[in-house]
Amino acid sequence: MFNSRRDFLKASGMVVMAGAGGYLGTENFIYGQAAADITDATKAQDAKQRPTLVTIFLRGGADALNAFVPAGDPLYYQHRTRIALHGEAPTKGKGKGGDVGVVPIGKSNYWGINSKMASLLPLIEKGIVVPIMNVGSPNGTRSHFSAQDYMERGALGDSGISNGWLNRYLEATKKPYDAPLRGLSAQTLVPRALRGPYPVLAGNNKTEEMELFENLYSTKNMVNMNARDGANDTKGSRLDELSKGPKAALTADSTRDIIAQSGANAIERIKALEKAEQAENTADYPGGGLSGQLKTIAKVIKADVGLEVAQADYGGWDHHSGQGGAGGHHAQMLGHLSDCLVAFNQDLGSRMDRVMVLVMSEFGRTVQDNGAAGTDHGRAGFMIAMGNMLKGNNKVWGVDKWDMRDLDYGRFLPVHTDFRAVFAESLVRLFHFDPFQGKVFPDYQATPKNFLNFMKQQAEA
Amino acid sequence: MASIRGRFIIASAICLLASFSIIPSAITRADDDNNQPPPKHKKESDSLRNRILKVQAGIEADKNKPARSAEFAGPDLSDREKVVQALNRMSFGAAPGEVDAILEKGGWQVWAKEQLDPEKIDDSACDKLVVSRFPWVKIPIQDLQKDYGYERKPEKRKPESNSLHVQLPQCVLLRSAVSKRQFKEVMCDFWRNHFCVDQPRLNEEQTRSWTDADYEEQVIRKHVFGDFKEMLFASARHPAMLEYLDQKLSHKNSWNENYAREVMELHTLGADRGYGNADVQELSKVLTGWTYGPDFQFKFDANDHQPGPKHWLGNTVEEGYSGGEKALYMLATARATSEFISEKLVRYLVNDNPPPALVKRVAAVFRESKGNLPKVYWAILSSPEFMSRDNYRAKFKTPFQFTVSALRSTSAKLENEEDACNRLRRMGEPIYDCPDPTGYRDVAESWMDAGVLTTRWQFAWDLLRGDVKGITVPPEFLAGYKSLKSEEAELKMIEDLVAGDVGDRELTTLKAVAANGDFQRMASIILGSPSFQQR
Numbered sequence: 026m027f028n029s030r031r032d033f034l035k036a037s038g039m040v041v042m043a044g045a046g047g048y049l050g051t052e053n054f055i056y057g058q059a060a061a062d063i064t065d066a067t068k069a070q071d072a073k074q075r076p077t078l079v080t081i082f083l084r085g086g087a088d089a090l091n092a093f094v095p096a097g098d099p100l101y102y103q104h105r106t107r108i109a110l111h112g113e114a115p116t117k118g119k120g121k122g123g124d125v126g127v128v129p130i131g132k133s134n135y136w137g138i139n140s141k142m143a144s145l146l147p148l149i150e151k152g153i154v155v156p157i158m159n160v161g162s163p164n165g166t167r168s169h170f171s172a173q174d175y176m177e178r179g180a181l182g183d184s185g186i187s188n189g190w191l192n193r194y195l196e197a198t199k200k201p202y203d204a205p206l207r208g209l210s211a212q213t214l215v216p217r218a219l220r221g222p223y224p225v226l227a228g229n230n231k232t233e234e235m236e237l238f239e240n241l242y243s244t245k246n247m248v249n250m251n252a253r254d255g256a257n258d259t260k261g262s263r264l265d266e267l268s269k270g271p272k273a274a275l276t277a278d279s280t281r282d283i284i285a286q287s288g289a290n291a292i293e294r295i296k297a298l299e300k301a302e303q304a305e306n307t308a309d310y311p312g313g314g315l316s317g318q319l320k321t322i323a324k325v326i327k328a329d330v331g332l333e334v335a336q337a338d339y340g341g342w343d344h345h346s347g348q349g350g351a352g353g354h355h356a357q358m359l360g361h362l363s364d365c366l367v368a369f370n371q372d373l374g375s376r377m378d379r380v381m382v383l384v385m386s387e388f389g390r391t392v393q394d395n396g397a398a399g400t401d402h403g404r405a406g407f408m409i410a411m412g413n414m415l416k417g418n419n420k421v422w423g424v425d426k427w428d429m430r431d432l433d434y435g436r437f438l439p440v441h442t443d444f445r446a447v448f449a450e451s452l453v454r455l456f457h458f459d460p461f462q463g464k465v466f467p468d469y470q471a472t473p474k475n476f477l478n479f480m481k482q483q484a485e486a
Numbered sequence: 021m022a023s024i025r026g027r028f029i030i031a032s033a034i035c036l037l038a039s040f041s042i043i044p045s046a047i048t049r050a051d052d053d054n055n056q057p058p059p060k061h062k063k064e065s066d067s068l069r070n071r072i073l074k075v076q077a078g079i080e081a082d083k084n085k086p087a088r089s090a091e092f093a094g095p096d097l098s099d100r101e102k103v104v105q106a107l108n109r110m111s112f113g114a115a116p117g118e119v120d121a122i123l124e125k126g127g128w129q130v131w132a133k134e135q136l137d138p139e140k141i142d143d144s145a146c147d148k149l150v151v152s153r154f155p156w157v158k159i160p161i162q163d164l165q166k167d168y169g170y171e172r173k174p175e176k177r178k179p180e181s182n183s184l185h186v187q188l189p190q191c192v193l194l195r196s197a198v199s200k201r202q203f204k205e206v207m208c209d210f211w212r213n214h215f216c217v218d219q220p221r222l223n224e225e226q227t228r229s230w231t232d233a234d235y236e237e238q239v240i241r242k243h244v245f246g247d248f249k250e251m252l253f254a255s256a257r258h259p260a261m262l263e264y265l266d267q268k269l270s271h272k273n274s275w276n277e278n279y280a281r282e283v284m285e286l287h288t289l290g291a292d293r294g295y296g297n298a299d300v301q302e303l304s305k306v307l308t309g310w311t312y313g314p315d316f317q318f319k320f321d322a323n324d325h326q327p328g329p330k331h332w333l334g335n336t337v338e339e340g341y342s343g344g345e346k347a348l349y350m351l352a353t354a355r356a357t358s359e360f361i362s363e364k365l366v367r368y369l370v371n372d373n374p375p376p377a378l379v380k381r382v383a384a385v386f387r388e389s390k391g392n393l394p395k396v397y398w399a400i401l402s403s404p405e406f407m408s409r410d411n412y413r414a415k416f417k418t419p420f421q422f423t424v425s426a427l428r429s430t431s432a433k434l435e436n437e438e439d440a441c442n443r444l445r446r447m448g449e450p451i452y453d454c455p456d457p458t459g460y461r462d463v464a465e466s467w468m469d470a471g472v473l474t475t476r477w478q479f480a481w482d483l484l485r486g487d488v489k490g491i492t493v494p495p496e497f498l499a500g501y502k503s504l505k506s507e508e509a510e511l512k513m514i515e516d517l518v519a520g521d522v523g524d525r526e527l528t529t530l531k532a533v534a535a536n537g538d539f540q541r542m543a544s545i546i547l548g549s550p551s552f553q554q555r
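These protein sequence lines map, in sequence, to chains A and B.
Position 453 of the first sequence, counting from 1, maps to 478 under the numbering used here, and the rest follow consecutively.
Position 337 of the second sequence, counting from 1, maps to 357 under the numbering used here, and the rest follow consecutively.
No wet-lab data here; the hints were simulated from the structure.
Hints are supplied without guarantee of correctness; some may be wrong.
Claimed, not checked - Keeping only pairs whose Cα atoms sit at most 35 angstroms apart, straight-line, the calculated DSBU-like set for lysine-lysine is:
#1 K390(B) / K296(A)
#2 K300(A) / K327(A)
#3 K319(B) / K178(B)
#4 K158(B) / K390(B)
#5 K166(B) / K433(B)
#6 K489(B) / K296(A)
#7 K474(A) / K296(A)
#8 K324(A) / K151(A)
#9 K296(A) / K531(B)
#10 K531(B) / K140(B)
#11 K300(A) / K148(B)
#12 K148(B) / K125(B)
#13 K199(A) / K474(A)
#14 K140(B) / K173(B)
#15 K300(A) / K531(B)
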């Protein structure tokens, strides 16, 4: 009856899709190790010990200079004539606009932080929050779409890479017994960074009547129809051929198998998420969109189900007009972001030993403000990292104080750190994973010498 | 209907056999397979992009792929299955009763030939509906701006100002669902992706939020049954494309390479087909001065044209508009173009992995006919591969194909498609909003992620309950089943919605629901089932 391995797998109720397309389940027998060999205890242990990288994407190009302010640099005030932030009340006069709204970082008489973000100062002081300036893309696009895309793909314009860097990490490290929720998008769509061959669930994907569809999409004991068509005859050759790899043609049967597997993956992940969400948040988050997403992620981390990468999205940073000064819209959003980070840190407590948050945006803004109390698309921007494994040293990273004199085209912050250097360091230090070996950044090569070295190496699990 | 019943019994029997027959030899064999060493990563000599594009372009398609021999082809498709295959590939899926109607009229070929001559099909009902809801389809571009263009100031807005970027996707969805010229609509979907332009958010500087509407009419729909060359020229000269790929920003002494690169890589030759960076630069210079005027008509601005001859692909291209015209003509008629386009078409109409032999034959027809598209289409549709069992129901519906087929198979009435278009966005395929100039990918791999099916389930469920705003499944659709016994209703619905082709789990699940007489739920289960996602 069973002339092929695939026939056997089907009949025994094991997952069937090894090889066919190569983009299916997590349970593929890729490294010659059958899931059945691993005990539940091993799986649970493995899931518990995984660190987690949480990315927060500020969509729209958030202004770096309104978050981390070179308040000790007169050039800053020459460029920002309307919405600059001052340490003390500015002398009024032409070109001296703006208002008080910046607090010094550490002992720096150069760098300050937007006073709406002051809640981060104690964490910066402890070295577990690291502001990174002048980080960006070697590609100078000023299109939101392209810049977000390059950043989330971890690859630049012409590389032809369509999936995300976080997904490539998951795919490169998958095991036959992976936990269902290694990757999670906290909003309704799977963002590009998490898209790709490895199945990742977007939160909020619950479907009414899921039980009905669950019956349809379980792959257990799945036997294909088309019996009358000869597809299920005992030759077995069709199925064998499919298992040879992605180049094999898709037939009706293999297509249906793939679809069923994909649906089963979704249901498995939705259920795992529902279970994980029963954990409780133990900090006061501010109200609003980002906090909801971070609360979900915090719960899933507390549930110890093996979450490794999660992304939250926070949109609305494209302040061409109405960015405003110390009390402006942009400052309010920065305040919300900071309060969310503080709450997340408090919520997770000592778990932050193994959790790192990385805040990023596709580009920064023009150094000059425009006539509409806003800023236009720029080049380098900022990131914020948070986690107990950081060695922050109470300072701003990635830039020295003279960079205001070295603007691109006289208008943009220059890029000193390729965003992929930060991504790569995160993967190396957090997961002990070599992204260059694993081809996570196909058009980028680096060594630890290129890293900012803002993280301690995590102890091996 | 008896045949479906028969299939169910066969399936159950196989299921039983399967669960009892795990024999030692099979286990041994499986273990052997599992003990294979892990596959090693091959050294990448080429960039990933090049490799992907090469595979897309078919250059490497022959390698590593065993030729499928006839012995695996399975039995011929029955006449009925041939109709189902034709409807799956040449339309957005069967409407209720359509399979029977085509069989009565003489089978799939009769229907297919009608579809290849769309002007002879009476589609006045659809045309009337479209014109009444979307009068702009008849308005020339120079007049479109007046009533439909972008207007920043609220006090200057007319009732239809700033509305086309919402109306155009609706219009595309409506036509795809209700037109009788189904093959035309299916091919428009193909070419819309091939000559992809997107709609930016409303913005003064970017006019595509309303010029795309004219692009749909004058570039895509006008030439879908014409010559490839004409469609290429129409796209190259249209303000939407001139803006989308930055051609209008390409000036004398500061040319922009975007369009020159993509017209070779994406629209004609395919990636890495014998041209280099220097060729991209030279073609950029050739095309400087191609722009449009304030009336949104194409304009060659001789003052903004890079003077002197250019050396491109081994040719000397003369200065002036005629140089650009000749360059595009060369691209349209190049051998690589015939192969690249044929391969994409075969992928779309036949299989994610296009049979190389068929691609070769189709490319020859492309060259002989000088890119006459109906002849190229027919070369594919009349091939044995098109009707082979290997390729029967072997494609995974894109979100757009899924949505339109769900509307067609339930005879849904469309009054407003905005909600449906938003749902398409959530499924990852918003109309006229592809993030990349490549257009949406046409392989199952691109669409299969863990969350993708849940949005389809929700759509299926909401559609049947009337919760997709502006769209109603008429009571007649379900009434037809209510008069039947539960078992008969189940079988008929399976026959109607997925041509009788379901898996055993679907049958079991449906049975339970059918017993309760809940036809609404039955239909939504079928629309959400694996079988309905196939075409």
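Evaluated hints:
no. : hint              : verdict
1   : K390(B) / K296(A) : 56 angstroms, violated
2   : K300(A) / K327(A) : 11 angstroms, holds
3   : K319(B) / K178(B) : 28 angstroms, holds
4   : K158(B) / K390(B) : 30 angstroms, holds
5   : K166(B) / K433(B) : 32 angstroms, holds
6   : K489(B) / K296(A) : 29 angstroms, holds
7   : K474(A) / K296(A) : 43 angstroms, violated
8   : K324(A) / K151(A) : 25 angstroms, holds
9   : K296(A) / K531(B) : 25 angstroms, holds
10  : K531(B) / K140(B) : 43 angstroms, violated
11  : K300(A) / K148(B) : 52 angstroms, violated
12  : K148(B) / K125(B) : 26 angstroms, holds
13  : K199(A) / K474(A) : 28 angstroms, holds
14  : K140(B) / K173(B) : 45 angstroms, violated
15  : K300(A) / K531(B) : 30 angstroms, holds
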